[in-house]
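K.L.:
For the record, in the sequence shown the residue sitting at position 33 is 33 according to the working numbering, with numbers rising by one throughout.
Honestly, the hints are just simulated from the structure, not real lab data.
Check before you lean on any hint, since a few could be wrong.
Claimed, not checked - Now the in silico label distances, taken between C-beta atoms and shown as ranges:
1. Thr100 - Arg77: 14 to 24 Å
2. Ala42 - Ala11: 29 to 39 Å
3. Thr98 - Ser22: 33 to 43 Å
4. Ala56 - Leu78: 44 to 54 Å
5. Ala65 - Ser85: 14 to 24 Å
6. Thr57 - Ala11: 29 to 39 Å
7. Leu78 - Gly7: 24 to 34 Å
8. Gly62 - Ala6: 17 to 27 Å
9. Thr100 - Met1: 33 to 43 Å
10. Arg3 - Asp55: 41 to 51 Å
11. Val82 - Arg26: 13 to 23 Å
Here a beta-carbon is modelled for each residue, glycine too, at the ideal position from N, C-alpha and C.
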Amino acid sequence: MPRAVAGVQGAHRARRQLTRRSVIARQLAQIAPGTAGVQTHAGEDGRAKWVVLADATGHPVGADAEQHRAAYGLLRRLLPDVDWSGPRTYDVATGTVTETEPAA
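Model the full structure from these sequences, guided by the hints.
P.N.:
Right, here's the structure in full:
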């Protein structure tokens, strides 16, 4: 593949990622204002999820169960390639999902 084509494709991919990150940030701000990160933890049965919405300092955002469900559903819909079966952290500022180490 010519370098110019690869460069254009890379630019298109970056634009899509920026757009998706902006959409997620905007939606999370509507769901629970002040959310800067979303952490998911697997439940005892491996299916249930515990979701934490955190502000920029890492403290929980005041949100009810419906807001937590909405945030998790949003991430699952807009990031379908992510394996959400284990503990994950989504950073709103960077748009990245990282694997979270389980608490000891």
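K.L.:
Give a verdict on every hint.
P.N.:
Comparing the hints with the structure gives:
Here the CB-CB span from Thr100 to Arg77 is close to 20 Å, well matched to the stated 14 to 24 Å. For the pair Ala42 and Ala11, the supplied restraint of 29 to 39 Å holds, since their beta-carbon distance comes to about 37 Å. Between Thr98 and Ser22 the beta carbons are some 20 Å apart, a value that contradicts the proposed interval 33 to 43 Å. Taking 44 to 54 Å as the suggested C-beta distance range, the pair Ala56 and Leu78 does not conform, at roughly 21 Å.
A hinted range of 14 to 24 Å holds for the C-beta pair Ala65 and Ser85, which are about 21 Å apart. Separation of Thr57 from Ala11 is about 34 Å and conforms to the stated range, judged on CB atoms against 29 to 39 Å. Range check, Leu78 to Gly7: Cβ separation about 26 Å, and the 24 to 34 Å hint holds. Judged by the Cβ atoms, the range 17 to 27 Å given for Gly62 and Ala6 is violated: they are separated by roughly 46 Å.
Separation of Thr100 from Met1 is about 36 Å and conforms to the stated range, judged on CB atoms against 33 to 43 Å. Taken as a hint, the range 41 to 51 Å holds for the pair Arg3 and Asp55, whose Cβ atoms sit roughly 43 Å apart. Look at Val82 against Arg26: about 19 Å separates their beta carbons, and that is inside 13 to 23 Å.
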